[in-house]
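**Student:** Let the hints inform the model, and build the full structure from the sequences given.
Number of protein chains: 2
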Amino acid sequence: MLASLDRDDPTSLEIGSMSKAQAFFEAHLATLERAVDAGRTRDFWSPYPEVPSGRIYGETANAEGRAAFEATLGQRYELALTGIAGRVCEEVSPYGLELGITYEVPDIEGLIARMQAGMKAWRVAGADARAGVCLEILHRLNQRSFEMAYAVMHTTGQGFPMAFQAGGPHAQDRGLEAVAMAWSAMKQVPERASWTKPQGKHPALAMEKSYTIVPQGISLVVACATFPTWNTYPGLFASLVTGNPVIVKPHPGSVLPVAISVQIAQQVLAEAGFDPCLVSMVPDSAAAPITKTLAQHPAVKLIDFTGSSEFGNWLERNCPQAQVFTEKAGVNTLIIDSVDNLKAVCRNLAFSLSLYSGQMCTTPQNILIPRDGIDTDQGYLSFDAIATALADAVSRFLSNPEVQVNVLGALQNPATVQRIEESRGLGRVVLDSQPVEHPEFAGARMQTPLMLSVDAADREAYAQERFGPIAFLIATDSTEQSFDIAREVIAEKGAITLGVYSTSEAVLERAAELALEVKVALSCNLSGGVFVNQSAAFSDFHATGGNPAANACLTDLAFVSRRFVVVQNRHDVPAPVQE
Amino acid sequence: MLASLDRDDPTSLEIGSMSKAQAFFEAHLATLERAVDAGRTRDFWSPYPEVPSGRIYGETANAEGRAAFEATLGQRYELALTGIAGRVCEEVSPYGLELGITYEVPDIEGLIARMQAGMKAWRVAGADARAGVCLEILHRLNQRSFEMAYAVMHTTGQGFPMAFQAGGPHAQDRGLEAVAMAWSAMKQVPERASWTKPQGKHPALAMEKSYTIVPQGISLVVACATFPTWNTYPGLFASLVTGNPVIVKPHPGSVLPVAISVQIAQQVLAEAGFDPCLVSMVPDSAAAPITKTLAQHPAVKLIDFTGSSEFGNWLERNCPQAQVFTEKAGVNTLIIDSVDNLKAVCRNLAFSLSLYSGQMCTTPQNILIPRDGIDTDQGYLSFDAIATALADAVSRFLSNPEVQVNVLGALQNPATVQRIEESRGLGRVVLDSQPVEHPEFAGARMQTPLMLSVDAADREAYAQERFGPIAFLIATDSTEQSFDIAREVIAEKGAITLGVYSTSEAVLERAAELALEVKVALSCNLSGGVFVNQSAAFSDFHATGGNPAANACLTDLAFVSRRFVVVQNRHDVPAPVQE
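Just so you know, the sequences run in chain order A and B. Residue numbers for the first sequence follow UniProt numbering, beginning at 1 and rising by one. Residue numbers for the second sequence follow UniProt numbering, beginning at 1 and rising by one.
Treat the hints with care, as some may be off.
Which copy is meant is left open, so a pair is good if it fits within one copy or across any two.
Here are the simulated DSS-like cross-link-like pairs (lysine-lysine), alpha carbons at most 30 angstroms apart as the crow flies [stated by the list, open to error]:
id	residue 1	residue 2
1	K493	K201
2	K292	K493
3	K197	K343
4	K120	K20
5	K343	K201
6	K197	K20
7	K493	K120
8	K20	K187
9	K120	K292
10	K120	K187
Bear in mind the hints are in silico, worked out from the structure with no lab data behind them.
**Tutor:** What follows is the structure, encoded as structure tokens:
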């Protein structure tokens, strides 16, 4: 019925758009089906190679990506929009580079009206066409992974290899995961049904019914400074594939990665005949933030947010017109009870504590160790010996300048530098934070991790998030008390990761119980090439949505199924002839 | 790991419970799988016969059901509970009978502590065992459908046939639908996975991972007076099968149907070795309501509510610790544009307007008709002629005393009687509401529908819910204006049903667009044995969750998937040997 209506409209782009979007869908269907399957089996899988190699991406890909990034510097960034309400230009690379890119701020009311107008064609296109467009966007994002890596590096401060992986392929994985989960959820609703209810000797009652997936409305995705793509794509793509136009509000310090993403989305939407403004960017400045205004706009029905607990809680409580998905602060925790491979454990944790200078929502902050020491493969070792072993491992790991540059990266926010300074007094310094010079960028904000030893009684010090490269080695009465502290702190403050090291099955079982109780993902005895702060799309659920660190999970059914409703339409039909 | 832990506990009932619950699961697995399939194809299906026939339920079933109901009158109703904080005894049948049943109010803190203690074994049992228990509860509810019918009749005022169907099999269908949808959602998460990530020439990274479905916490289901089972079972069973203990807070006027349901649930839980208090009833009185206290309890993480918009909106905004699912008031609407079978349409609408005296969340209230008349199979008829035809059809339909008793039922709440009186002045009376005598119950509150003719300009009269047997025939400038009014009223006040009558494909298409726009279920040209106020489990989505009448849908994926989180547990394993 709808299609025939639209065919009568000579201005409609929908016929053309359907075929283009349908072509995208067919081109990417195998990937989509594989992604759905991966989300069900949860084995490793990714269609987007994570290695920044010329053999995979093309020998000129790196140079072209860098050139594309550099071409944006000092320029106006071009995006489709309706009416210009202002301009922002605030980004400064944590490596010291002044980016000088100017972004236009769209007129909000004009943009929302345009998005609402464009939403119908996007809804009418259907789940397959929308999935096709989303997969094409992801495909092109993948092709521009080098450019994205430079953009992510120079906004977040991540080292280049991490900026490539986390900002590129891993973020694309998370986007694809959201598309697959949402597409699969939509496909669980049939487009139509014949309903025939027997009436004994009388003719059956019979109806034809149709079911339409209807988007909730405008979706607002509030991006964070440190992972402007990885934490943004799940909400963006889950909303978009279910039919909702998406406004991305970047962090003022990390606009470019969002702008590139939005630009690609707009190009694909336009090629497929849809309004490019269905995905739009609304930047703001630190001095004149706009998120609250957007979040309380009556047309905004979905909000995804990554950032502070304070603002996340405000969104959860003050936007009753919207479904609100938040990832906030937490206190990630490690419990060390006993180890049978101390060197490997220390190596593993040295990487975890150093990676991106602890500016990850998954980095462990609190390391609980019995004050009387623990059993190890090197014999019974005191708390101090373990603390020293960990500190030495971090020092040794970071003694290589290339590792410093690639793993630590730079501190995204000057406030983090300040926080390291202020935290020194919170405990005994086991490993002091040292400034690091970057061989290429003299202005880089780089520091090694600060490791502090504190007592279990020093709750004020460790029982809150201290974002950045700051770790507490906490001396407890026993593993028993370590469990109690982990339970209490996570129940109150939340956590995205919990790690445990123990050679005792009973302790591992208790850790499993604790994880279920406070609803946090658990990693046991990691001592190889997987780290507690890593979360792999299609396999790892990132955050549970069940403790104060986040009210949503990347990506479960609840994350996608709340973004659309089903509207049915039914009418009588003659009863089928009975045999 | 958990099972071995529990086996070490001699007080654990879990081994026995697992096997009993597992037996229930196996006994009902075919039904469960058929229910999952029905929810996907959405054809008619029900395992619970809706006909109150002795040939189906046993020749003595009616007499036994009646006797069981009568045996509760004037007695203390026995349920498992921990600590008695008070008693309530307020139910008066809308048919005039004083029920005199006393219910104990549990001590809230004691009950919640007990539920939290019982939750672990219920979670550990797993999705299959929980589904088995839920299906056994539903099976036993079905066996007690006659007893339930008398209980529903004498609390809600529904006529016996409707009390049997809506209070019994149809409610059981809705419960089973929720179990099936939730079980299917849980099954989309694997219990474990092997994760192997190739590392080129290096050994692969390999992990074993497990995923546990973890309930949100205590679930509060706030039942309504008019449909104490139909509107309660979806939330109750969706929460229970996903592992959450459930407190049902009945309406003070309709406690018995909830008490019977809770008693059966407790019996099955206890038989399977679980704490019966995992499903508990907390009754209150009109003078001392307890819902707000329960709803804001920090342990309460899920709230299902059916009732007024005022209270539903309060719950949505004032219980940030919980996921809140509401069904509230709305203004259901019919648009009459043209008909090709006036008699059949009038017969159909006469039933819709009379059924349970309009005390349904799906009953049409506003009937929009062009003031200049419409095309019919009897020629062009004026607004007044259509109004008269509808009124005559209602009168004719209700001229049969048996129809009066069975279809109208009694008015549940004296406030509804009052509302009819107060509404008479809102328009021109087309059909006046008349008192009806019940042949068996002299004290029955029964009245025929009130039909008022108003002008489109009389917004004050019709643009709000006037619950009960009150319908407005609204004279509009045109079908165009009918659409506008429907759009505006539904956008502002919400609706669960929208009906349209038209012989024009273009008008039906516009109605379909309107339904998508304001997110309401649409029924087109109903003129046979299906009525706009009927909603069939497994096929019809009841409410969309997308307009002000409800923020949730019975039963979509969002309704079930928000009731649990997934907690993962992963550890390294040696890389698989490469070939």
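**Student:** With reference to the structure, classify each hint as holding or not holding.
**Tutor:** Consistency of the hints with the structure:
1. K493 - K201: neither (64 angstroms within a copy, 42 angstroms between copies)
2. K292 - K493: Both. Shortest intra-copy (24 angstroms) and inter-copy (26 angstroms) distances satisfy the 30 angstroms Cα cut-off.
3. K197 - K343: between (69 angstroms within a copy, 23 angstroms between copies)
4. K120 - K20: Within one copy only: 17 angstroms inside a chain, 52 angstroms across chains, cut-off 30 angstroms.
5. K343 - K201: For K343 and K201, the Cα distance is within 30 angstroms only across copies (24 angstroms; inside one copy 79 angstroms).
6. K197 - K20: neither (41 angstroms within a copy, 35 angstroms between copies)
7. K493 - K120: Answer is between; shortest inter-copy Cα gap is 23 angstroms, intra-copy 41 angstroms.
8. K20 - K187: within (21 angstroms within a copy, 35 angstroms between copies)
9. K120 - K292: within (26 angstroms within a copy, 40 angstroms between copies)
10. K120 - K187: within (19 angstroms within a copy, 34 angstroms between copies)
The earlier numbered hints that this structure contradicts are 1, 6.
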